[in-house]
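**Q** Listed below are the residues making up each chain.
Number of protein chains: 2
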Amino acid sequence: MINNNLIEKLLKQDRRSIARVITIVESNDYNSNEYLKEIHKNTGRAYRIGITGPPGAGKSTITNQLTKLYRKQNLKVAIIAVDPTSPFTGGALLGDRVRMNDIGMDSGVFIRSMATRGSLGGLSKKAIDAADVFDAAGFDIIIFETVGVGQSELDIAQAADTTIVVLVPESGDSVQAMKAGLMEIADFFVLNKSDRPGSQQSYTALQTILMIKDHDKNLWLPNIIKSVASENKGIEEIANEIERHKIFMAEKNLFTLKREKQTKVRIKEIVEHILKDKLWSQTGENSLNLSIEKVILGNLSPYQIAEEIIEEFKNRI
Amino acid sequence: MINNNLIEKLLKQDRRSIARVITIVESNDYNSNEYLKEIHKNTGRAYRIGITGPPGAGKSTITNQLTKLYRKQNLKVAIIAVDPTSPFTGGALLGDRVRMNDIGMDSGVFIRSMATRGSLGGLSKKAIDAADVFDAAGFDIIIFETVGVGQSELDIAQAADTTIVVLVPESGDSVQAMKAGLMEIADFFVLNKSDRPGSQQSYTALQTILMIKDHDKNLWLPNIIKSVASENKGIEEIANEIERHKIFMAEKNLFTLKREKQTKVRIKEIVEHILKDKLWSQTGENSLNLSIEKVILGNLSPYQIAEEIIEEFKNRI
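Residue numbers (this note's numbering), protein chains in the order written: chain A, 1 to 317; chain B, 1 to 317.
Here chain A stands alone, though its shape is the one from the complex:
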């Protein structure tokens, strides 16, 4: 059952209703899918920007400055900040207090933090679902801010129309970013804190890596933008590069291709999520618990147990 009144108020950009629907969507129960189905027809207008990179690169600062710039253009901005905070920290998001003081009081800005805490995967699904809610609620810009460390963070960054990878001279080695899979997903790079020593070397190293990469001259070539976000330097250049990328993609008709890929990934994730829920319902957990002893005692391999569980699942799917 969905609350139509709630959806109506959401579409009219009522902040409390937006927050409530996102909470429902995050809770991930069957109801949440009904809400997402209902609002789907109202989505597709917002421009989605992914900002990722190693911890401490200045992603939050860039997000905040970019948000202020968009606000001057009277665009409404939603920020989905994903932090792989562990259960241990209790989900304290260090940058959040600063951020709230900076832009949190602006009614044209909505900030939602999501932690991986307690989440058994599905984080990218939740973040993208939340983006749909903001999209339906009429936000013009949606920024996904994620730490570029795990697969689900990369998935989120790739769900954007334009994906920005933020690096700093010290985290220095583009090699690490490359290893973490950040090079493939960047539509452009921001070399933040570029007033620091060693900045030019980092810039050159990054350029070299980009040059090694095979490229097709008809395709988009990622640029490197220098910034000192804490001093608001380079922010306009970042916004311009986003715009340039947007126009390029639109002119070459590449958004359709990108959206097709994204939709495919998303549907797969939703299907797997629903199946996993069914699989590990109480019945599934029980049959698993009963089997574990057999494996521990060494009589059966985990693979045999897995086959038994699948047989049992066939009967109740």
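Don't read these hints as lab results, they were simulated from the structure.
Since the model is a prediction, treat every value here as computed from it, not as a measurement.
Since no wrong hints were added, every one of them can be taken at face value.
Taking lysine to any residue pairs in the SDA-like style, the calculated list, with each CA pair at most 25 Å apart, reads:
(1) K76(B) to Q158(B)
(2) K278(A) to E269(B)
(3) K264(A) to I317(B)
(4) K264(A) to D277(B)
Among the chain B residues that face chain A by a calculated CB cut under 8 Å, a handful are:
(5) N33
(6) T256
(7) I270
(8) K276
Which bits of chain A does chain B cover? Going by a derived footprint, with three or more residues having C-beta under 8 Å, they are:
(9) 35-48
(10) 256-266
(11) 277-289
(12) 307-314
Heads up, the beta-carbon is just placed ideally off N, CA and C, and yes, glycines get one too.
Position chain B against the provided structure of chain A, taking the given hints into account.
**A** Using the frame of chain A, we list chain B on its own:
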């Protein structure tokens, strides 16, 4: 169909047969499950050590030095190195050449590198499967060396009997390690490169964080071991701490509990993996591809498509 001759040779520690079975297991076809079922009864003897931490912390150096120390005790060591290398680098594992010169020529050592390259998840499953192969082949020590950046890397580290988290003074902030979920999984910490300036502060910061953590005095408390692995300093202390942890766990009868948890996680992963394979077989992919257009055109939400795909799956599972 499995090749019994191959398994026989594997159990007799024939290196080529070990390599071949691991390749089969990595390929992840139905056959691989049959091999894993077959060798299961020969597993359970090896001691498994997980070494994780941020990039550049010195995990490979510690692994190598520890391996040399175990070799002096005439123990056979298998190393499973997991690197989230992207498709872009082509899977070049930087530390590998050095490592090969160092310990790669020793017939009592077997090194296997696994990249996430091209892998759609399932990496931790493959790494643990490979460990079973080494275990059956009579290796005494199995070391999982992983970059502690993503969920699957954490999963692998947790599949060990003793898990070590390596940090360095510069990567400095234990806060980042904490955020990445590394604090919960450490049986102890190694503060490597502890001859560097700032080392004492890092040590104190880490101690403070460990003290904040709730603990039960009947439980194991993680220590911090200082090392300079490149000069072979602290390696014996690391080996002693592993031994101390092993004895503690055995005396308190905690291995059973740990193995139960690990087995549960593993069976879940295997079940999900087999189901995913069935789900996205050619039939599943086709029905997905046909549906994508409908979503792009805006008629249907991804959630509706997902439900259709699940209905279709019910009929063919």
